[in-house]
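Participant: In case you want the letters, here they are:
Number of protein chains: 2
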Amino acid sequence: MRAQTADKPRIGWIGTGVMGFWMCRHVMEAGYVMSVYNRSPDKAQPLVEMGATLKQSPAGVAADSDIVFTIVGFPKDVREVILGQRGVLSAMPPGGVVVDMTTSEPDLARQMAEEGLQRQVTVLDAPVSGGDVGAREARLSIMVGGDPETFKRVEPLFRVMGKTVALMGPAGSGQHCKMANQILIAGTMIGVVESLLYAHRAGLDRDTVIAVIGQGAAGSWSINNLGPRIVAGNFEPGFMVDHFIKDLGIALDEATRMKLELPGLSLARRLYRKVKALGHGRKGTHALILALEALNPPAWKVYE
Amino acid sequence: MRAQTADKPRIGWIGTGVMGFWMCRHVMEAGYVMSVYNRSPDKAQPLVEMGATLKQSPAGVAADSDIVFTIVGFPKDVREVILGQRGVLSAMPPGGVVVDMTTSEPDLARQMAEEGLQRQVTVLDAPVSGGDVGAREARLSIMVGGDPETFKRVEPLFRVMGKTVALMGPAGSGQHCKMANQILIAGTMIGVVESLLYAHRAGLDRDTVIAVIGQGAAGSWSINNLGPRIVAGNFEPGFMVDHFIKDLGIALDEATRMKLELPGLSLARRLYRKVKALGHGRKGTHALILALEALNPPAWKVYE
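Residue numbers (the numbering used here), protein chains in the order written: chain A, 1 to 304; chain B, 1 to 304.
Some hints here could point you the wrong way.
It does not matter which identical chain is used: a pair holds within one copy or between any two.
Said to hold, decoys possible - Capping the alpha-carbon separation at 20 Å, the derived lysine to any residue pairs in SDA-like fashion look like this:
| id | residue 1 | residue 2 |
| --- | --- | --- |
| 1 | K259 | N296 |
| 2 | K274 | P263 |
| 3 | K152 | S90 |
| 4 | K76 | E254 |
| 5 | K163 | A211 |
Honestly, the hints are just simulated from the structure, not real lab data.
Construct the complete structure from the given sequences, taking the supplied hints into account.
Facilitator: Structure, rendered in structure tokens:
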């Protein structure tokens with residue numbers, strides 16, 4: 001680890017799960033002093049062994065930090081760790097910055113930015129895409145909403161975690177961009193699983209089909225990366241169905257608020273809820289094929 | 001043009017439209033003797049000037065050819081040029097090969113293969129993807145169904161037109177693979193247009209959104225190539241809505257025959273029919289945004 005320089009901000013990190021662990025580690029490796037908090041402290045232990053200071057609450061992290069990053073599970077967790085009684089804002093010194101990297105509600109992002117302002121704390125929303133592999137390899141896309149000056153201040157830190165970093169607009173805009181990302185994935189995944197189910201029923205070899213159609217105008221990250229896993233019957237996440245259902249729910253609520261009817265997104269949520277109802281909520285998003293199978297017995301043979 | 005060698009088969013070409021023209025031209029440039037027929041003879045004229053012999057009917061082409069390629073508009077056109085009274089099979093010498101490269105019905109492909117067999121003519125189905133650009137640059141994907149020995153005989157000709165060439169199985173399998181391709185595009189396009197409409201309504205800059213989300217797990221050929229055209233309000237085809245509706249109809253009919261419910265494909269056809277009803281049947285597939293706009297007034301500003 002490089003030595004801490006005096007002018008570097010002190011960093012706090014809340015949420016050291018499958019994504020946050022690697023992101024926090026990259027920041028430490030770039031030579032920043034780090035305080036960490038995680039609901040299950042054992043997941044933060046390797047970071048403590050690298051030199052991070054373990055705190056007992058989000059407020060404890062905030063009290064010793066200039067910039068605090070949060071990446072937790074659901075909007076209710078974001079609300080708790082940032083706005084709660086022992087939350088970040090309760091103890092963050094004026095002039096501080098809070099960056100929520102959880103995929104969460106645009107409305108909540110705006111609310112947190114407003115509450116921060118009242119305490120002279122700037123709150124950015126900065127959800128990411130790229131999954132655990134992107135986090136580990138520091139190749140995430142980071143979509144940021146909030147104050148442009150603060151974005152510039154935090155940008156060097158984003159650059160140690162991600163490859164594509166973009167300020168999308170005012171508070172909430174990072175979350176909106178992430179929603180656009182998830183809506184795009186939702187439609188694409190419907191195409192992927194319907195295409196593979198059709199090909200299978202038509203008697204085609206699905207690996208050959210993927211090799212042929214994945215290269216042209218039908219090609220996508222999803223067909224080329226998740227298609228072969230579907231054919232192999234490997235439904236390990238990747239990105240988990242339960243979390244994707246959360247994201248699609250946020251997107252649908254926002255769309256409703258904007259009086260926007262998005263029939264593909266509605267269909268995707270209906271199908272993903274079916275996947276969860278079948279008991280596959282903790283499998284990867286490509287388990288969508290299992291909802292199509294249930295809709296179309298005789299069974300798609302997953303483990304043939 | 002290279003000189004014709006004596007052992008090369010004589011080639012016939014039926015359908016010299018936006019795709020067929022270039023494909024035929026590549027075959028001629030590879031040194032094959034060519035007979036051509038097109039419903040509008042003027043479109044074949046540049047090929048005649050390059051040395052092709054213009055014929056007055058599909059039968060006229062067949063009589064002078066060892067291998068005949070067809071690429072026309074709709075299944076009814078395929079039926080007419082191959083099975084019709086002055087069609088290819090009426091005059092094709094025994095031992096000949098007919099290759100239909102139109103995107104058409106798997107059932108029709110099987111029927112033509114059977115009728116061919118009775119006349120000792122082998123019929124392959126070999127639809128393509130890659131569009132007019134792929135045809136011009138000889139970078140098509142070619143998905144073939146039919147007899148493996150005949151496939152090997154025709155493969156050198158496929159290789160002068162395309163980059164990816166694959167035998168998918170018996171007669172009809174090429175068409176089935178193309179259907180899987182179109183089903184995949186249909187789902188992806190729903191994701192593309194819903195994502196961009198959401199982003200626009202949320203106040204984001206759509207070009208920035210495409211640049212960010214097009215690179216990761218949401219990325220696809222469609223978002224990266226057609227997304228910017230949507231933002232620019234440029235709906236020139238690419239691939240035409242009218243033809244895509246034909247393809248989706250064939251796919252849905254086949255799915256029904258296989259007792260397969262594909263809700264995303266059904267939704268896509270409903271939305272594309274809406275695009276056509278709005279008067280945009282001759283625009284590109286990315287005009288799907290116009291159906292979403294109609295579903296969600298105030299209008300998506302196409303030409304802002």
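Participant: Evaluate each hint against the coordinates.
Facilitator: Each hint, compared with the structure:
1. K259 to N296: between (33 Å within a copy, 8 Å between copies)
2. K274 to P263: both (17 Å within a copy, 13 Å between copies)
3. K152 to S90: neither (25 Å within a copy, 73 Å between copies)
4. K76 to E254: within (17 Å within a copy, 46 Å between copies)
5. K163 to A211: between (28 Å within a copy, 12 Å between copies)
Checked against the numbered hints listed earlier, the structure breaks hint 3 alone; every other hint is satisfied.
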